[in-house]
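Trainee: Read off the chains here:
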Amino acid sequence: MPRRSSLPVTFIVPTLIILLVLSMVPTLYAIIIALQNRELSSTAYSYVWFSNFYDLFFDRRFLNAVWVSVKWEFVTVIATMVVAIGLGVLMFEVASPRMRNVYCLLFIIPVLLPRVSAAFVWKFAYHPLYGIATYPYRLITGGLIFDPLSKPSTALFAVASVDVWQWGLFFAVIVLKLLETLPPQPIEAARLDHAKRWQIHAYVTLPMLKAPVVSLMFVKMIESLRSFDLIYVMTRGGPGVATETLDMYAFSQGFIESGKVSYASAMAVLMMIATVITFTMLWKRVQA
Amino acid sequence: MRLGLLIGKTVLAFAGFMAVFPLAWTALNSLKNNVDIITRVPRLVFTPTLANISYIVGRDSVMTGLYNSVIACGVAVLIGVVLGLPAAYSVARYPNRWAGDIQFFVLSLRFLPPVAVAIPLMVIWLQLGLYDTLAALIVTYSLLTISVIMWLAIPAFQAVPKEVEEAAFVDGYGAYSVFWRIALPVAARSLIGAVAFSFVLVWNEFLIALMLSSSNAKTLPIVASELSQQGMNVPWGILNASVVLLSLPPLLFLSVLSGFLNSVFRQNKT
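Top line first, the protein sequences correspond to chains W and Z.
Mapping the first sequence onto UniProt numbering, position 198 (from 1) lands on 198, and the numbers just tick up by one.
Mapping the second sequence onto UniProt numbering, position 164 (from 1) lands on 164, and the numbers just tick up by one.
These aren't lab readings, by the way, just hints derived from the structure by calculation.
For clarity, every value in this text was computed on a predicted model and none was experimentally measured.
Treat each hint with caution, since some may be false.
Stated by the list, open to error - Partner residues aside, some chain W positions facing chain Z, computed with beta carbon under 8 Å:
(1) SER5
(2) ALA195
(3) ARG226
Ideal Cβ positions, reconstructed from N, Cα and C, are used throughout, including at glycine.
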């Protein structure tokens, strides 16, 4: 820029101060609460330091919640990327420009829905007696009941399918747009070498898109952590604790079952530390 | 090869169908009486009724939820625009040695688990006497809207050709009027997309609203989720109608957001 001006200072300093206050105050306060023994039912509290954290390591439900969260991350991130790349490449290969636009518009719809809406839509669809998604099963088996949301072995996958429905289709649009920005020469060269279509994508186009696809995966990893609404509406962590992720367990410890705010906060703080460290490391690696 | 093409097109058509059918089915159910919803075999032909929709629209709790959602999201997005856009412009156009750190800081706000933010905020708002008020929700949502708008607006401002701005400087414009009269209008299309995106995000937000409101400040997603817990006789039709009402505002932005995606990727190409 040609001249010195007060603009950068007046434009960025107030915003940064507000962002810092809005983010640091709750963060620090979360840590302070985690070191106390606050409960919802009373105003009295004292410092118990690390005993909440200590208790967590002997809480089998907490350990289960960690495991469920890890499963959830893997299932949703991998399935989303598979659906996105599969459909993106498919659109690139077989759809005419006009149909591409139609599909792009259709595939953005699910991700725009509030998660609460998406969760309701699919909770109905999975209804064992009246659901539209379980209807084919009833039709084929002559009326047998299939209840994916209340079986511990299928509940997590049934909820995950809704997450993939929302994000996989949306990311397919982005993968298509990325493919469209690639220069056509390498693809034509591969075609002249008689490469099959899948080979072209596996060895030419997708390696060229490695960086943006990794970034997409990074975004999905962050978004997958925000699955509370889906699980809250569809299963409430059940059946049993089969779909109880960390945020679901923290919420029910803090507000539904026992009102142990400090205990819930200790969980949230551990989650925060884990995600900040993991994502900072991943981010530095993605950028490098 | 022709067979492969046919299979590919069929798979795509099926995916397109899957994208909209569940929602369309819900919309259809919102026009049905309960007897037409609770059937072993899904019913396509039925006598439509507006009873569910008029029940939803006539309910105070739903209308209050709608009002709260509109105000909380609207004001938070406005704050996001006022604070986020200028900050994004300054990061994009006046690079300094902290620019990278600022961008990472803004992104890192997305890592914070919502529970970790909501628990302490609940305690803080309770102590300040602001718990269950729209003001508390708006302040909390501003964190979200400012950071999202900044994150998306930085590349949008970077995509504005530098020459245009330099020409304006030569013409004697000051730094502020270059922002107002050149950068904002030129980047407008992408910026509107970014703002719409932040609106959709806060409109769809659930956990923070659930924890920061108990009766007065409940937003529409909370009201909708409560409707489902009315005893044994689930009012399926009403529930479907409330899902449709909740989903409409974000869907209004469908064309804005798809235009936004197109403009983002066109910039990358050139």
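Trainee: All hints, please: hold or fail.
Mentor: Each hint, compared with the structure:
1. SER5: holds (4 Å)
2. ALA195: Check failed: Cβ of ALA195/W comes no nearer than 14 Å to chain Z, outside 8 Å.
3. ARG226: OK, holds: ARG226/W within 8 Å of chain Z, min 6 Å.
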